[in-house]
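Participant: One letter stands for each residue in the lines below.
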Amino acid sequence: MFNSFRTTNSTGLINKDKKINFTFNGTIYHGYEGDTLASALIANGVHLVGRSFKYHRPRGFLGVGVEEPNAMVQLHDGNKSEPNIIATEVELVEGLKAKSQNCWPSVQFDIGEINNVLNRFFPAGFYYKTFMWPKSFWMKIYEPFIRKAAGMGKAPLLPDPDRYEHNYEHCDVLVVGSGPSGLASALAAAKNGARVILAEDKPNFGGSLLTDEVTIGNMSGKEWASDTISQLKSMPNVILKKRSQVFGYYDHNMTVMIERVSDHIENPSKYTPRQRLHYIRAGEVIVSTGSIERPISFGNNDRPGIVLASAAKEYMKVYETLVGKKPIIFTNNDTAYSTALEFIKNDIEPIIVDTRDSSNGELVKEVQQKGISIKFNSGIADTKGHLKINSAIIGKLDSSKESFISEETVECDCICMSGGWTPTVHLSSQAGNKLKFNEDIDAFVPDKKRQKETAIGAANGSFTLNQSLAEGFQVGFDLSNKFTDQNNPTNSPNSNEPSYEKHEKLWCMPLPSGKKPKRFIDFQNDVAVSDVELAIREGFRSIEHVKRYTTLGMAGDQGKTSNLNGLQYVSKIEKKIVPEVGHTTFRPPYTPVTIGAIVGREVGNHYLPTRKSPIHTWHEENNAVFVAAGLWQRPRYYPRGSEDMNSAVNREAANVRKNVGICDVTTLGKIDIKGPDAPEFLNRVYTNAWLKLPVGKARYGVMLREDGMVFDDGTTSRLSENHFHMTTTTAQAANVLSHLEYYLQVVWPDLDVNVLSTTEQWSGIAVAGPKSRDLLSKLFPDVDMSNEGLPFMGLVDSSIDGIKARIYRISFSGELAYEVNVESNYGLYIWKKIMEEGQSFDIQPYGTEALSTLRIEMGHVAGAELDGRTIPFDVGLNSMVSQKKDFIGKRSLSKDAFTESDRQTIVGLVPLDKKTKIPEGSHIIEDNSAVAPIPKLGHVSSSCWSVEYNNPFSIAIIKDGKNKIGKNLYAVSPLKDISIPVEVVSSHYVDPEGSRVRS
Amino acid sequence: MLEIKCPYCGKRSQNEFSYGGDATIKRPQLGEEISTEDWDNFVYYRDNPRGKHSELWHHVSGCRQWFKVSRDTATHEIFDTCKMNEDFNV
Ligand SMILES: [Zn+2]
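Line order of the protein sequences matches chains A and B.
The first sequence begins at 892 in this note's numbering and counts up by one.
The second sequence begins at 230 in this note's numbering and counts up by one.
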């Protein structure tokens, strides 16, 4: 029983000396090295793989590669589980586990098959028609039902444990596909000195040369392929990639290729990626992707055992596997006869059914010479066999070929069908190529290119070997000549292949008499001829609409085997020619790609870079709880013992007000500004005046966007006549730098100024609180720290232990405060030094939460207020706006809407009960009993627990704020379902005169 | 992903750059008397052509230079790039 469908020859590419065990639906089988899951299952007589999407019909294999629409399986278990994997693309590996999808309780007996019996209730557009009404049913009934029914396999719920990598490549010529034309073009381009990448999806190079009986020069096609590959391998300018699918063609000749690196290896090493995504920027792309065989629509043409003729041949020639022992070959062309001959070689006599009246092709004659009669002018009307085909109804066609004149039942165990060939034009189309319809081959081929892309061989509609090779050598040479000056052409060798007669333009069989079996066009999405007819009857004319209404070609296989048959059928009903009907758009990816491969290494901690201050380790050692501030990790608070966040934050903030606190402010943006025009530049960038700032002094500055909105604020100091040190907020550091560069390079290139980010060169430590002066005096005994010696907004250079330090007397907390800046590498040392000396002053570190509390109490604005919707007037910064000079954004401030006196402006809020914290984002309303829609006065931007007054305090931005001070309003948060009576107060809640910072 | 030739660094992938809008917009002179309409045209209004467009790009993950790109907005074809003080050749 096991492997009873193997051929007796051993001319294929599997290694029968190496057995590989695998499990399918719980049964253990074995195959051989070189098998795919598909070939190994077929060799074991297993054709029933899964159930179809809509009707749950039993399905097996149609193809042998990427074109496979049916044979999708769930691979592996647990966190490695992967749904919807095409069995024809899975290389067999020891211990592989696969199971059927879309069936319950088992693939043999599937409850969902009731849909097949009820199929007249599931016509095209069924979902659109049925689930529209009533609306309330959608969320609770229809949507869960559809979700359960849809999607085939199951996505794993556990994180993907595998490693994926990204790689960037550049080459002169990328060749996609290693059939005869691809090999020829790669060889010609490489011999002419171009840097070439040759990509092949399958585990073996050679494409059709692995299965076709042809000769090139004095070698067989297969020998020539392997000889060419060894030549290419020896050339340093060539990269050969097998198991690699180029699935996307994007702008500027960027293609993306997925390489299956270790899926086929039993025990890959830990650091070998499972798959690798290559971004290849190619000078020229040669599309030699070949062609895919077309199925034929006939009654019940989807039963397990009905395959493409080319697939049957490849299973025999490459995998030494028989799709059946009683085959019917059903064709409208000559190429399927090579499959018939391969069966004959294996001592199996096929029944041949040909829709044509006759053919004089060489292969047809060869078959006839072997004594086999051919049923010309015939077609398959219907098939039988529930889980596997067991017989076919063969009918004699009438002269119009629109009906059968007689029918006979013939036993069989497989049907190998061929409706001719479709060039694989996906990549060309993705590249923007306008396709044209070729009447000779009844298919679309690339035509007008938009990018540097050239289709050759079967992908270009050139179906003969001579033509393919000639195109390959010519195009490979021509394109490579753009990159090299070697001018070294390679001649195309002579080749020999059988001659073929023309196919018949017939891809859909008439119905058998008295029956209406489904004749499928799109196997994966269960779209039958009747669905296309219905769509057109219901008025869908555009092929894009027919596609969406029927879902033809919308499955994971992207209609590789169904698009053209669908088009052809639409054009037949509509009595139009195919080019008038047009084709639907091809979009990447050509084949499904694992999400993990697209994500690559950018997972977990590698999702974004992490920025840490040089003092980070100290924070860690001292129990800091961190918070992300952009990419930075900043200490949020430092809990002691069993303290919760609120207690820790209140303690830290209160200690700043009472004693002294220390805060890591390294993350603030810092920009070094130099040049003779630096003062003038700052004068244009900031709203206030800068020309007269003395050397050794700092000044607070506000910058606007041209639309008048506050962009950023910070303190900037004059270090010398033409040298300034600017600080920005942590969040806007990068944007401010780009903004300055824009004005210097684009708007005012005449200004002689240079700007440079120094954020990472300086470590900044804020020391704040009434005891900060005493502490700093102790640390810097040489510096006069008195109010006269280092006044508010002054700065001085000094040193500790020989380490240069710059001390700014600036304050964000509203307390007497300093900021010590040292070269980054000394940040940790100085921090520890300050902590050590600070012990006697009851120093405590404080995090971003306490920092917020301190600035909110003082009414200092930050990101929550500077949210891109506020002008200086709104946030109490009008005194910062110079009336004497022009600056970025000034003209906007005089616009009508910006000068209205009742604009929303900044105020403070205190809850009347002095207890309830007001959630940030709450709306401010006047009348709590009003009926919606209630006029909104503004919103709460920042909230804290005031450590000064021991009650909650918030900053809000409300309409006509100044005139609301003293009034009672309501802060409502519908999200939290609360309404809090509040009193409006000044936003400067603590020390409104600002006496502490100047003390 | 586009491939953009920085006039200072050469060809680089799009992810090194950020887009800076219409390159033909001229900021009004500082201190210039200007009508609200003209100011609004400078701040807010931009053409959205299908086809050739002169635009600014900033090599943020590179040399930090702003420069000009002549690009087809429909096909993404880049005809030329040049420094701020240069003109396109095509
Ligand atoms: Zn650059």
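Bear in mind the hints are in silico, worked out from the structure with no lab data behind them.
Possibly wrong hints are sitting among the right ones.
[Stated by the list, open to error] Pairs of lysine-lysine, DSS-like flavour, derived with a Cα cap of 25 Å:
{"no.": "1", "chain 1": "A", "residue 1": "Lys1343", "chain 2": "B", "residue 2": "Lys234"}
{"no.": "2", "chain 1": "A", "residue 1": "Lys1340", "chain 2": "B", "residue 2": "Lys255"}
{"no.": "3", "chain 1": "B", "residue 1": "Lys312", "chain 2": "A", "residue 2": "Lys1867"}
{"no.": "4", "chain 1": "A", "residue 1": "Lys1113", "chain 2": "A", "residue 2": "Lys971"}
{"no.": "5", "chain 1": "A", "residue 1": "Lys1261", "chain 2": "A", "residue 2": "Lys1292"}
{"no.": "6", "chain 1": "A", "residue 1": "Lys1407", "chain 2": "A", "residue 2": "Lys1396"}
{"no.": "7", "chain 1": "A", "residue 1": "Lys1373", "chain 2": "B", "residue 2": "Lys255"}
{"no.": "8", "chain 1": "A", "residue 1": "Lys1339", "chain 2": "B", "residue 2": "Lys281"}
{"no.": "9", "chain 1": "B", "residue 1": "Lys312", "chain 2": "A", "residue 2": "Lys1340"}
{"no.": "10", "chain 1": "A", "residue 1": "Lys1373", "chain 2": "A", "residue 2": "Lys1292"}
{"no.": "11", "chain 1": "A", "residue 1": "Lys1781", "chain 2": "A", "residue 2": "Lys1853"}
{"no.": "12", "chain 1": "A", "residue 1": "Lys1775", "chain 2": "B", "residue 2": "Lys255"}
{"no.": "13", "chain 1": "B", "residue 1": "Lys255", "chain 2": "A", "residue 2": "Lys1776"}
{"no.": "14", "chain 1": "A", "residue 1": "Lys1565", "chain 2": "B", "residue 2": "Lys240"}
[Said to hold, decoys possible] Cβ pair distances, simulated, as ranges:
{"no.": "15", "chain 1": "B", "residue 1": "Gln258", "chain 2": "A", "residue 2": "Asn1854", "range": "34 to 40 Å"}
{"no.": "16", "chain 1": "A", "residue 1": "Val1516", "chain 2": "B", "residue 2": "Ser290", "range": "30 to 36 Å"}
{"no.": "17", "chain 1": "B", "residue 1": "Ser290", "chain 2": "A", "residue 2": "His967", "range": "52 to 58 Å"}
{"no.": "18", "chain 1": "B", "residue 1": "Phe317", "chain 2": "A", "residue 2": "Thr1790", "range": "52 to 58 Å"}
{"no.": "19", "chain 1": "B", "residue 1": "Ser264", "chain 2": "A", "residue 2": "Asp1369", "range": "22 to 28 Å"}
{"no.": "20", "chain 1": "B", "residue 1": "Leu259", "chain 2": "A", "residue 2": "Ser1538", "range": "51 to 57 Å"}
{"no.": "21", "chain 1": "B", "residue 1": "Ser290", "chain 2": "A", "residue 2": "Arg1531", "range": "26 to 32 Å"}
{"no.": "22", "chain 1": "B", "residue 1": "Gln258", "chain 2": "A", "residue 2": "His1057", "range": "46 to 52 Å"}
{"no.": "23", "chain 1": "B", "residue 1": "Gln258", "chain 2": "A", "residue 2": "Arg1531", "range": "56 to 62 Å"}
{"no.": "24", "chain 1": "A", "residue 1": "Asn1329", "chain 2": "B", "residue 2": "Ser290", "range": "25 to 31 Å"}
[As the list claims (entries may be wrong)] Only some residues are given here: those of chain A computed to face chain B with a beta carbon under 8 Å:
{"no.": "25", "residue": "Arg1134"}
{"no.": "26", "residue": "Tyr1141"}
{"no.": "27", "residue": "Tyr1633"}
{"no.": "28", "residue": "Pro1640"}
{"no.": "29", "residue": "Leu1784"}
All values derive from a computational prediction rather than experimental measurement.
Glycine included, every Cβ here is placed at the ideal spot set by N, Cα and C.
Participant: Now tell me if each hint is right for this structure.
Facilitator: So, going through the hints one by one against the coordinates:
1. A:Lys1343 with B:Lys234: holds, 17 Å
2. A:Lys1340 with B:Lys255: This hinted pair is violated, its Cα atoms lying about 37 Å apart.
3. B:Lys312 with A:Lys1867: Distance ~54 Å between Lys312 (chain B) and Lys1867 (chain A) Cα, so the pair is violated.
4. A:Lys1113 with A:Lys971: violated, 36 Å
5. A:Lys1261 with A:Lys1292: violated, 28 Å
6. A:Lys1407 with A:Lys1396: holds, 23 Å
7. A:Lys1373 with B:Lys255: violated, 40 Å
8. A:Lys1339 with B:Lys281: holds, 21 Å
9. B:Lys312 with A:Lys1340: violated, 31 Å
10. A:Lys1373 with A:Lys1292: violated, 52 Å
11. A:Lys1781 with A:Lys1853: Roughly 23 Å between the alpha carbons, so the hint for Lys1781 (chain A) and Lys1853 (chain A) holds.
12. A:Lys1775 with B:Lys255: Satisfied, since the Cα-Cα distance of roughly 23 Å is no more than 25 Å.
13. B:Lys255 with A:Lys1776: Since the Cα atoms of Lys255 (chain B) and Lys1776 (chain A) sit roughly 20 Å apart, the hinted pair holds (cutoff 25 Å).
14. A:Lys1565 with B:Lys240: violated, 30 Å
15. B:Gln258 with A:Asn1854: 34 to 40 Å: holds, 38 Å
16. A:Val1516 with B:Ser290: 30 to 36 Å: Since the Cβ atoms of Val1516 (chain A) and Ser290 (chain B) sit about 32 Å apart, the hinted range of 30 to 36 Å holds.
17. B:Ser290 with A:His967: 52 to 58 Å: At roughly 38 Å between Cβ atoms, His967 (chain A) and Ser290 (chain B) fall outside 52 to 58 Å, so the hint is violated.
18. B:Phe317 with A:Thr1790: 52 to 58 Å: violated, 42 Å
19. B:Ser264 with A:Asp1369: 22 to 28 Å: violated, 59 Å
20. B:Leu259 with A:Ser1538: 51 to 57 Å: holds, 52 Å
21. B:Ser290 with A:Arg1531: 26 to 32 Å: Because 42 Å falls outside the window, the suggested range is violated.
22. B:Gln258 with A:His1057: 46 to 52 Å: Because 48 Å falls inside the window, the suggested range holds.
23. B:Gln258 with A:Arg1531: 56 to 62 Å: holds, 59 Å
24. A:Asn1329 with B:Ser290: 25 to 31 Å: Hint violated: Cβ distance 46 Å, outside 25 to 31 Å.
25. Arg1134: violated, 24 Å
26. Tyr1141: holds, 6 Å
27. Tyr1633: With a minimum Cβ separation of about 6 Å from chain B (threshold 8 Å), the hint on Tyr1633 (chain A) holds.
28. Pro1640: With a minimum Cβ separation of about 6 Å from chain B (threshold 8 Å), the hint on Pro1640 (chain A) holds.
29. Leu1784: violated, 11 Å
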